[in-house]
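Colleague: One rule links them: number in my numbering = place in the first sequence (from 1) + 489.
Just so you know, the hints here were simulated from the structure itself, not pulled from any lab data.
Below, computed lysine-lysine pairings styled on PhoX-like, alpha-carbon distance capped at 25 Å: (1) Lys867 to Lys605; (2) Lys605 to Lys859; (3) Lys669 to Lys605; (4) Lys856 to Lys605; (5) Lys552 to Lys518; (6) Lys881 to Lys867; (7) Lys669 to Lys867; (8) Lys856 to Lys867; (9) Lys669 to Lys859.
Ranges between beta-carbon positions, derived for each pair: (10) Phe502 to Ala586: 24 to 30 Å; (11) Lys881 to Arg861: 20 to 26 Å; (12) Pro589 to Ala549: 39 to 45 Å; (13) Val1002 to Arg723: 31 to 37 Å; (14) Ala550 to Arg723: 55 to 61 Å; (15) Gly775 to Gln719: 44 to 50 Å; (16) Gly629 to Asp681: 53 to 59 Å; (17) Asp686 to Gly775: 33 to 39 Å; (18) Gly775 to Asp731: 44 to 50 Å; (19) Asp686 to Thr841: 40 to 46 Å.
Beta carbons: idealized from backbone N, C-alpha and C, even for Gly.
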Amino acid sequence: MSALVSVLSSRLFDASGSTLDPELRSATKPEFGHYQSNLALRLANQLGQPPREVAARLVAALKVDDLCEPPAIAGPGFINLTVRSDVLAAAVNARTAFAPRGERVVVDYSQPNVAKQMHVGHLRSTVIGDSVCNVLQYVGYEVIRQNHVGDWGTQYGMMIEQLLEEGLDAETLDLQGLQKLYERSRRHFDSDSAFADLARLRVVALQTGDPATRANWQHMVDVSLADFEQVYARLGSALTRDDVVGESAYNDDLPVIVAELEQDGLLTESDGASCAFLPGYVGRDGLPLPVIVRKSDGGFGYSATDLAAIRHRVQDLDAQRIVYVVDHRQALHFEMIFALSRAASWLPSTTTAEHVSFGTVLGPGGKPFKTRDGGTVKLTTLLDEAVERADKILEERGVADRTEIAQAVGIGAVKYSDLSSDRDNDYVFDLDRMVAMSGNTGPYLQYAHARLTRLLSNAGEPSGAVTLLDHPVEQRLALLLTGFDDTVVQVAETLQPHRLCTYLYELAAALSVFYEQCPVLKSEGETRASRINLCAATRQVLQDGLGLLGIAAPDAM
RNA sequence: GCGCCAGUAGCUCAGCUGGAUAGAGCGUCGGACUUCUAAUCCGUUGGUCGCAGGUUCGAGUCCUGCCUGGCGCGCCA
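Can you make the complete structure from the sequences, with help from the hints?
Modeller: Have a look at this one:
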């Protein structure tokens, strides 16, 4: 919480003589001042007295003359506060970093699959996950990123068996070759039971560590990870190979998971599979719904891997908070995994587990995103198109040296569009709207930042402090600046990056109004110096905010 | 059948966890550029917050029941 808001809150708290939350909120309209409190309405209800009388007593007891203009009572009993402009100026100048909070959070995101190109489906997890990590880090968490790559299971047995049968050398296959190999092996597996048996044996060889099988598998993993890294670099994601802890990493833990569940009496044999039945979960037929830990063929399903991952993250990584950035279709799965982990005591009450779910990216017309022939659209293709659009617009503007800027604007537009509305909603991937330079878009924010950069480079060295805030538009801008940390804290709690987007958009809009109405370089004396510093503070917040979203802020565009 | 999520202006979306006359952008129409970058700003137009009850000083927000759409519900992840 910003110093200003917390001080005002505690003053209200002291004046009320009650334990009620002062409910200090931003004023809904400029004519209501800067902040409002609804405390009098609450108190009046509790005391059975007229709200305006309670408000009057509250205002009389309230000591804020060192911070605010005289408080006003309005409407049914709202208390409106207007911060003194010198206090506001001081608050703008007083930005401080968050202290480390001594808590560790594990964020599981991106999760592409080995031997498959990354597609739109991976965009959201990667973009939201990066942003969530940045925000958590900013407010003082120690963040551990975990890329739970899909690199284990029957499909790799299939693929290796197919590879051997065709006499191919794994070394010659790139990612696209692997994807084709997968498709061939899938068809073969489905149509030839003898091959299917061989493939299953190959899975056993893989899981028990047969050297030749492992070597082929390792090659597939290496090729895939190298490709993912290129996409991450393109996206500006912070993910590296060090963050990859794929499903295979838990192979040795899976029997232990089963043993511990058995020991706790949580496992039941059902149709040959080892299942955990949790109270309250019923399936389509009204029958109890299991978590299948070990399949009837003796293999382990993804539930076992997810359980092992939780166990590892608590016991070895010492996580106080675990976050899963995974699409909303897996909501039930995670609910059950979390419940079972609690029952098995892998997830103690001191550790929270959250599923940060998100909606689907849809193609044109709100239909599933597919190419004309029904294939999946590669993520890199979409990014190329976005950069191309950005480049065209920059060209029309006569911008020189466009290559890097077009990257920043195109990729930034895609990422911003992904982050700017509530994660739970589906959205249509519409490049025209994303790259639009007006409205709540990435380019609009980047433009505000670039404008300020230009202005500041013409202004000379900023002298440091904001000292004057005479114009209402300056005050509006300053007030917004003091709200940055509160907004980021909210995002760290709710894990909803769109709140930060909304904030930054309002800030950029307020800046544009200021820019229209308040000359900076053409003004003189203290006004000029103060406005330059207000611009510098705004630029810093825009830069920090875009940084938290994982979006580049070019100096010119 | 059960569960999760969503339904707010013609379109795309906010709405700060129950507060004042529900806000932006796009679109429409009209205005402001020898610019501190007009990729901007100002004005205009636009809503039965899916429907019906309930809770209370006060509901887009909370509770119940419906309607519509998306998704999920035993060995894929």
